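Place chain B on chain A using the hints.
There are 2 protein chains.
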Amino acid sequence: MKNSGNNSSRCRIVVDAMGGDFAPKNAVLGAAEAFLEKKNFDLFLVGKEQQIREVLSSNKITLSPESIINADEVIEMGDSPAASLKSKPNSSIVVGAQLVRDKKADAFVSAGNTGAMMTASTLIMGRIPGLGRPTIGAELPNVNGVCYLFDVGASKDSKPIHLFEYAIMGTIFAKEMGGITNPKVGVLSMGEEEGKGSEVAEAAVKLLKESKLNFIGNVEGRDILVGNVDVVVCDGYVGNIIIKFGESVPKLLKHLLK
Amino acid sequence: MKNSGNNSSRCRIVVDAMGGDFAPKNAVLGAAEAFLEKKNFDLFLVGKEQQIREVLSSNKITLSPESIINADEVIEMGDSPAASLKSKPNSSIVVGAQLVRDKKADAFVSAGNTGAMMTASTLIMGRIPGLGRPTIGAELPNVNGVCYLFDVGASKDSKPIHLFEYAIMGTIFAKEMGGITNPKVGVLSMGEEEGKGSEVAEAAVKLLKESKLNFIGNVEGRDILVGNVDVVVCDGYVGNIIIKFGESVPKLLKHLLK
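Chains as they are written, first to last, in numbering that gives the first Met the number 0: chain A, 0 to 257; chain B, 0 to 257.
Derived from the structure by calculation, the hints contain no laboratory data.
From a predicted model like this one, the values you see are computed outputs, not experimental measurements.
Think of the CB as a built atom: it goes at the ideal place given N, C-alpha and C, for glycine as much as any other residue.
A portion of the hints provided could be inaccurate.
To be verified - List time: in silico SDA-like cross-link candidates among lysine to any residue, alpha-carbon distance up to 20 Å: (1) B:195 to A:242; (2) A:250 to B:144; (3) A:257 to B:81; (4) B:195 to A:253; (5) B:195 to A:75; (6) A:250 to B:140; (7) B:158 to A:156; (8) A:257 to B:143; (9) B:257 to A:225; (10) A:253 to B:250; (11) A:250 to B:124; (12) A:253 to B:251; (13) B:87 to B:59; (14) A:250 to B:114; (15) B:253 to A:252; (16) B:195 to A:140; (17) B:250 to A:140; (18) A:250 to B:138; (19) B:195 to A:132; (20) B:195 to A:110; (21) A:38 to A:143; (22) B:85 to B:138; (23) A:250 to B:253; (24) B:253 to A:140; (25) A:195 to B:81; (26) B:257 to A:143.
Claimed, not checked - Derived CB-CB ranges, DEER-like: (27) B:40 to A:227: 39 to 45 Å; (28) B:69 to A:210: 48 to 54 Å; (29) A:193 to B:40: 51 to 57 Å; (30) A:50 to B:198: 36 to 42 Å; (31) A:210 to B:255: 29 to 35 Å; (32) A:103 to B:257: 45 to 51 Å; (33) B:20 to A:24: 28 to 34 Å; (34) A:53 to B:176: 55 to 61 Å; (35) A:50 to B:253: 43 to 49 Å; (36) A:193 to B:178: 40 to 46 Å; (37) B:253 to A:61: 43 to 49 Å; (38) A:174 to B:25: 32 to 38 Å; (39) B:254 to A:10: 31 to 37 Å.
One chain only, chain A, in its complex shape:
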């Protein structure tokens, strides 16, 4: 989440060193690799300071001392999101979100507990005025480059207005992060014709047709990978199932090729 209150041209990004599989090693090495390659942003690693230093030194990486921010607790993958924010106030997710809230950083990235990250984003950073729900996006490869899918599991049982908001956020993301000039937006559906979506999707179509977005209408499951749409919106339940289904395809292919 980018904090628009910051006037510096150089983006300050906090990475949760304790989040995801093989943390802190992979989170620290991945973040450091990106920083050393790009060097066009300020990197902060939040987590257990001693462990972060060990990963850096054993991989002969030197970062400035102020780029490591200690957080003694870790919200585990199985922890209850809402409860853990209270019971673990010194966790990397809470401290990272507070840095953005306090305008000491512009963005916070974590591969840790999704629900805790969602809740921390909403309760600690706060929502962007006018937006009802945060969203999680996925970048999927397609024939023309990439397609951005929103939402892939931040929440479920969305209302039409939420899909509409995902389309707005997705359009901004595709422009800013994907460099796509006028992103084409579609609503996931069973067919290209109107009336082929769920009730919620159809109502979102009505909202999007009235918007200034580059809305191309209903798209089908196949359009995500085919490359004729840049931003696809759907409920998080649907998006989550799609990306997990997609992730399992290589496993099946490996098996079939044996």
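Relative to the frame of chain A, chain B by itself:
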């Protein structure tokens, strides 16, 4: 759809010769190939008799004269399902469904207009007592063999009871057609824990836990191809998106391999 009123041990299957891409050629040749290989069922081809005969003779296939049933009209892919059943009473889909209704056949197969087939099944053949909606299933390959996914687009915005019924029909199908002794049934969800499904999926879980089916709980998108579940149920909107997404994967892989 199998007509349980028939006492003959030999199944009588009607195939819509006019349905699907490249009909009647592909529909006729596919049906004839299955019949000549298995010979354990009676085959009826319904459609434009002259065209069916031409396909058979130009491929040197001989079927008994009574296996071809003339139907002069064709419901096209773009036709309105409900309207076309009335406006085209001599269409292959109407005539085929009537053969099952009149107990002259046990099952009717069509690759034509899905909505017309759905409507014909419901209005002409009638529903099995106790079932609210017909369903369309897909057989997907997985590491252990196959997984059956219901519903993949017969209808959308299902209620919990519909998912429950898909699980019953899916279990019977997996047993009878897939030869799976005690099919494991799962409800598609964002996680294995309860509470990770849509509201409808969660309510269906409650119904399934009380049932005599071999219900294993929530499954994720990846489980479809991984092979730890035999029957996966979801709303038709979700299932349709999944199978179309899956169908587009080879196209992307071909592109990426170039």
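> Which of the numbered hints above does this structure break?
Replying inline: 3, 4, 11, 13, 14, 16, 21, 22, 29, 33 and 38
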